[in-house]
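Trainee: Below are the chains, spelled out letter by letter.
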Amino acid sequence: MFQRFVRLMVVLAIGVVMVACAAPAAAPGGAEPAGVAPAGERQVLDLWFNSDDLFNQYNEKIIAEFEAANPDIDIVYSPYPNEAYKTNLQVAIGSDDPPDIFFNWAGDDTGRYVREGHLLDLTPYADQYAWGEQLSPAMLAAFSVDDTLYGVPYSQEAKYFYYHTDMFEEMGLTVPTTFDELLALCTTVSDAGMPALAFGNQERWEGVHYMTIFNQKMAGEDTLAADYSLSNDPDTLFTDPGYVEAFKRLQAMQEAGCFGDAINSTTPDAALIQFVNKQTPMYYQGTWIMGALKDNGLEGQYGMFRMPPMTDAAAKGNQNFVLAGPVGLEVSNKTQYPDAAAKFLDFYVSQPSQQALLVDTNRIPVRADAVDRETAAPGVVAVADDLATGEGTALWLDVVLENSISEVYLNAIQEVLAGTKTPEEAVQAVREQALKVQAEMAE
Amino acid sequence: MTNSVQTYDNQSEKPRKRRRASARQRSEWRDGYMLVAPALILFVLLVVYPMFNTIYLSFFNYGLTDARIRFIGANNFIELMGDEVFWRALRNNLTILIVSVIVQVGVGLILAALIDRGIRWGKSIARTLNFVPVVMSAVAVAILWQLIYDPTVGLANRFVSLIGLDPPSQGWLGDPRIVIYSILVVACWQYTGYVMIIILAGMQSVSQELYEAAAIDGATEIQKFFSITLPSIRNVNIAVILITMIGAVKVFDLVYILTRGGPANASQVMGTYIYYNAFTVNRAGYASAISVVLLVFALILGFLQLRLSVRPREAA
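Protein chains in written order, with the numbering used here: chain A, 1 to 443; chain B, 444 to 759.
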């Protein structure tokens, strides 16, 4: 009797294990046409975001408004901190259950998912919701590959030097109009006993932003377009002397006292705190920090300026480019509810949502009709005006380059800043990786 | 004692017993196999299958998000041989292994000896204080030490300044030349207490009669330690050395949270380099190849453990 009982229990245990390990049942609603949910079915959409606390509040507000207007759609919101986001998304995208809607950058971060076939073609929805008439065509183009739209931009992010106006006044500083003036300003501040700029390169992306604009200014946009897309000839790929010159500009800033010690072990959060606490008069950072500056009571107390132009003969690029790039939302092609997802995207970039984006978070919207100059923060208006005067955009280096090349660049920047690699060695490492990837892509 | 005699008697009547018990034994075996089946199935699904699958996948080029998978033979292993970062990771693992064994086992042994026979009062407090870091999660420890190493407000810089030295200009975790040692300090701080507790348990099982006899012979405490304590806990010491070595090979959490393997791959270890290749640069095939090397490395250590731990018993 006991043996029978034991055998029964063992069979049951094996059964449970096998059922638990079995593949999930077929997706419900298989008989329904794609994108159309059966009447009365609740449509649940997973939304993943690279977001901070302030932006989470905005997202939760927009999601609540959307769900109230669409009671049959539930949005399950999952925010992630910046550093973990890319890795988490990559793992999820490769799985059978990716998020339905997710934040992404333009450039190769979108391009690789298009190549690998993970993204939903949003072109029909662009026509349905007339996004082309409402959103910036340049930003829609940034999320398009071969005239097919794969993402909807919701904000333009750009990089500026932020400075405390009172500290500039006290120290008798003026906004530099050339790169050499910037170096002189750094030396003046450094001589006064503090670093001129907060700089937290532990996560490596702050350093790559300097290199993005230096590459553009020194090597020139045509060279970058050919090299970054790996369409340049293997003999000339990443051989332009402008790349080495770009690294030398970063070293020049370090030598002029622009940065403090221990930059490779300082986090961006710690750098922001240094700037907010006025331990440095300046911080070169993206427009996404304007919300944090507002939260820290610094609204109206800071100025902004772009990376000043290089005036020497070695600089081959257009000196009136802005360092910027759009961010947007994309949809997985495995989603069960593409129509509902597109409906949410349209709601997310509608005029009221975009206006709230500007007011609540100080982010730059992608709709011109969302910028109310009367109510918007002065910094946001200044950025919007400045972006309009730029003659082109340098897109973030780590976003536009193929992932493994970008990784080599990120590490090389840390090594040059640490003094363990020369600019020539750094560019050589990048070139070697670029040649390897180019050869692999040709296979 | 009675049981062992009975077993011996049973064995002396082998032919008759075997014939009579065979049906029952077969039934018992069947039940035995069925009872271990759930654990065996889980072991095969979660350990054996992934292990062989990793070996198989190490001969392919593929990424987690990329459905295209190409057979490339031993190319991943050939690439490994010329991969500077892989060798750095391996060197870092070996550095952690050697320093951990010397510091954790060395200091753990001294602390255990002090608590066992060196101090009279406060043994419980000393044992608890040394053991506290062990019960903390590696994540909490890493975050705590991130604050201690912080270049602006960290205690490490203040401490170094107090004793008249200059803190490292690139930070404890930002200088490629010292970062692995900064991580080692954290690892030793966390795990020395663990080693101490195991050794202490071994020391406390040594018969007091031996110490009393040595005392009658006029042995000093140092002589007792080297002539009685150390030989008596030889197997315990071997076990903790091997546990420490295996821990050093598998290290991941502390490095990942403290530095992510940076700056510029300077603190990369095998575990973080596998993760980096699989999840950051999307080269799961290459990551599998590194995992295979790590598996071989761990198997060698496991073999070593078996050899060292079995020999004394056979001799006895």
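Keep in mind that a hint or two might mislead.
Think about it this way: if two alpha-carbon atoms lie no more than 20 Å apart in a straight line, the pair counts; the simulated SDA-like pairs of lysine to any residue are [unchecked claim]: (1) 61/A x 86/A; (2) 86/A x 505/B; (3) 86/A x 510/B; (4) 436/A x 525/B; (5) 278/A x 637/B; (6) 294/A x 521/B; (7) 316/A x 510/B; (8) 248/A x 516/B; (9) 86/A x 526/B; (10) 436/A x 593/B; (11) 278/A x 526/B; (12) 61/A x 46/A; (13) 334/A x 503/B; (14) 86/A x 724/B; (15) 436/A x 526/B; (16) 278/A x 171/A; (17) 334/A x 631/B; (18) 248/A x 744/B; (19) 294/A x 374/A; (20) 343/A x 63/A; (21) 86/A x 509/B; (22) 436/A x 724/B.
One side of the interface only, derived from the structure: several residues of chain A facing chain B at Cβ under 10 Å [unchecked claim]: (23) 82; (24) 83; (25) 173; (26) 262.
Which bits of chain B does chain A cover? Going by a derived footprint, with three or more residues having C-beta under 8 Å, they are [unchecked claim]: (27) 584-596; (28) 609-623; (29) 713-724.
No wet-lab data here; the hints were simulated from the structure. C-beta: ideal position from N, C-alpha, C; glycine also.
Trainee: Against each hint, give a clear statement of whether it holds in the structure.
Mentor: Against the structure, the hints:
1. A threshold of 20 Å between alpha carbons decides the hint, and for residue 61/A with residue 86/A the separation of about 24 Å lies outside it, so the pair is violated.
2. Taking the CA atoms of residue 86/A and residue 505/B, the gap is near 18 Å; set against the 20 Å cutoff, the hint holds.
3. Among the hinted pairs, residue 86/A with residue 510/B is consistent with the structure: their alpha-carbon atoms are about 19 Å apart, no more than 20 Å.
4. Of the supplied pair hints, the one linking residue 436/A and residue 525/B holds, its CA atoms being roughly 14 Å apart against a limit of 20 Å.
5. For the suggested pair residue 278/A and residue 637/B, the alpha carbons sit about 44 Å apart, so the restraint of at most 20 Å is broken.
6. At most 20 Å may separate the alpha-carbon atoms for a hinted pair to count; residue 294/A and residue 521/B exceed this at roughly 54 Å.
7. With a CA separation close to 41 Å, the supplied pair residue 316/A and residue 510/B exceeds the 20 Å bound.
8. The straight-line distance between the Cα atoms of residue 248/A and residue 516/B is roughly 42 Å, outside the 20 Å bound, and the hint therefore fails.
9. Taking the CA atoms of residue 86/A and residue 526/B, the gap is about 25 Å. The hint is violated against a cut of 20 Å.
10. Proximity of residue 436/A to residue 593/B is assessed by CA-CA distance (about 38 Å); at most 20 Å being required, the pair is judged violated.
11. Taking the CA atoms of residue 278/A and residue 526/B, the gap is about 44 Å. The hint is violated against a cut of 20 Å.
12. Restraint check: the Cα-Cα separation between residue 61/A and residue 46/A comes to about 16 Å, which is no more than 20 Å; the hinted pair holds.
13. The hinted pair formed by residue 334/A and residue 503/B fails the criterion: a straight-line CA distance of about 26 Å is larger than 20 Å.
14. For the given pair, residue 86/A sits about 10 Å from residue 724/B by alpha-carbon distance, which is consistent with the 20 Å threshold.
15. Annotation: proposed proximity of residue 436/A to residue 526/B holds, straight-line Cα distance about 13 Å (limit 20 Å).
16. Distance restraint check for residue 278/A and residue 171/A: the Cα-Cα separation of roughly 13 Å lies within the 20 Å cut-off, and the hinted pair is therefore satisfied.
17. Distance restraint check for residue 334/A and residue 631/B: the Cα-Cα separation of roughly 47 Å exceeds the 20 Å cut-off, and the hinted pair is therefore not satisfied.
18. Note on residue 248/A and residue 744/B: the hinted pairing is violated, with a Cα-Cα distance of about 47 Å set against a maximum of 20 Å.
19. About 17 Å separates the Cα atoms of residue 294/A and residue 374/A, which keeps this hinted pair within 20 Å; it holds.
20. For the hint pairing residue 343/A with residue 63/A, the CA-to-CA distance comes to about 12 Å; that is within 20 Å, so the pair holds.
21. Annotation: proposed proximity of residue 86/A to residue 509/B holds, straight-line Cα distance about 15 Å (limit 20 Å).
22. A C-alpha spacing of about 14 Å is found between residue 436/A and residue 724/B, which places the hinted pair at or below 20 Å, so the restraint holds.
23. The beta carbon of residue 82/A comes no nearer than 13 Å to any beta carbon in chain B, farther than 10 Å, and the hint placing it at the interface is violated.
24. Hint status for residue 83/A relative to chain B: holds, with the closest Cβ pair at about 8 Å, below 10 Å.
25. Interface restraint check: residue 173/A against chain B, minimum CB-CB distance 23 Å, threshold 10 Å, status violated.
26. With its C-beta approaching chain B no nearer than about 3 Å, residue 262/A sits inside the 10 Å limit, and its interface hint holds.
27. For the stretch 584-596 of chain B, the stated coverage by chain A is satisfied: 4 residues place a CB nearer than 8 Å to a CB of that chain, which reaches the threshold of 3.
28. Look at the stretch 609-623 of chain B against chain A: 10 of its residues bring a Cβ nearer than 8 Å to a Cβ of that chain, three or more, so the hint holds.
29. For the stretch 713-724 of chain B, the stated coverage by chain A holds: 3 residues have a C-beta nearer than 8 Å to a C-beta of that chain, and at least 3 were required.
The structure shown violates the earlier hints numbered 1, 5, 6, 7, 8, 9, 10, 11, 13, 17, 18, 23, 25.
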